[in-house]
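A.B. asks: Input sequences plus hints: build the corresponding full structure.
Residue numbers (the numbering used here), protein chains in the order written: chain A, 1 to 114; chain B, 1001 to 1114.
Don't read these hints as lab results, they were simulated from the structure. Take these hints with a grain of salt, some might be off.
[To be verified] Now the in silico label distances, taken between C-beta atoms and shown as ranges: (1) A:R15 <-> B:R1095: 34 to 40 Å; (2) B:I1018 <-> A:P70: 45 to 51 Å; (3) A:Q18 <-> B:E1057: 19 to 25 Å; (4) A:R15 <-> B:N1022: 34 to 40 Å; (5) B:A1029 <-> A:E53: 20 to 26 Å.
[As the list claims (entries may be wrong)] Residues of chain A clear of chain B, computed beta-carbon distances all greater than 12 Å: (6) V4; (7) Q6; (8) Q18; (9) R22; (10) S27; (11) G52; (12) R55; (13) P62; (14) F64; (15) F69; (16) N71; (17) A80; (18) L81; (19) E82; (20) E84; (21) D85.
All residues carry an ideal CB built from backbone N, CA and C; glycine is no exception.
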Amino acid sequence: EAGVTQSPTHLIKTRGQQATLRCSPISGHTSVYWYQQALGLGLQFLLWYDEGEERNRGNFPPRFSGRQFPNYSSELNVNALELEDSALYLCASSLGSGGQETQYFGPGTRLLVL
Amino acid sequence: QKEVEQDPGPLSVPEGAIVSLNCTYSNSAFQYFMWYRQYSRKGPELLMYTYSSGNKEDGRFTAQVDKSSKYISLFIRDSQPSDSATYLCAMRSNRGSTLGRLYFGRGTQLTVWP
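C.D. replies: Dropping the structure here:
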């Protein structure tokens, strides 16, 4: 069974640009979660999507947004990039919609903002 | 104060040693506790999952939770070079406002040398 996949693996942008990161969940999983892992920091919760709706959001500014498509894949958009947005962005998926299920992580997209 | 504290190490031990990894937390609402392992350039993978206080054993790994002290541990027996990775503790509550959200420690980098 294929795990969570993310694309691209690496992304280089300049300050002020927009970045789009993509995630495909494990087959059968309906929930997708996004986390930011900045250097030296733990994973910080960004967003949770389930059945196409945003269910919860972490303490990040509105320029971090996303969506979930009918096939349960998801996109994270970061607008007006800042240098401190450089980080590994991890996507996770889970079975079920309660927000309490085990989260399985993908390999991440490494974003570098110059 | 960060909600989850974890000593980032690095921790270096010889093969065969017993490894002890720890996290403390401040939010008494946390009821579910996890340990993830993250190899370099990979996403975190779930190692252990425990509910409330007590011990759980799985092969060479033992997870302990002491809710009265707000302290969790992961023990690795007979450590192997293949255990070299970053170990992340994570936890969550059942409260509606935090559903879907895992709270992570910064991770402890472990090296097991032959």
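A.B. asks: Can you list which hints this structure breaks, lowest number first?
C.D. replies: Hint check: 3, 6, 7, 12 fail, others pass.
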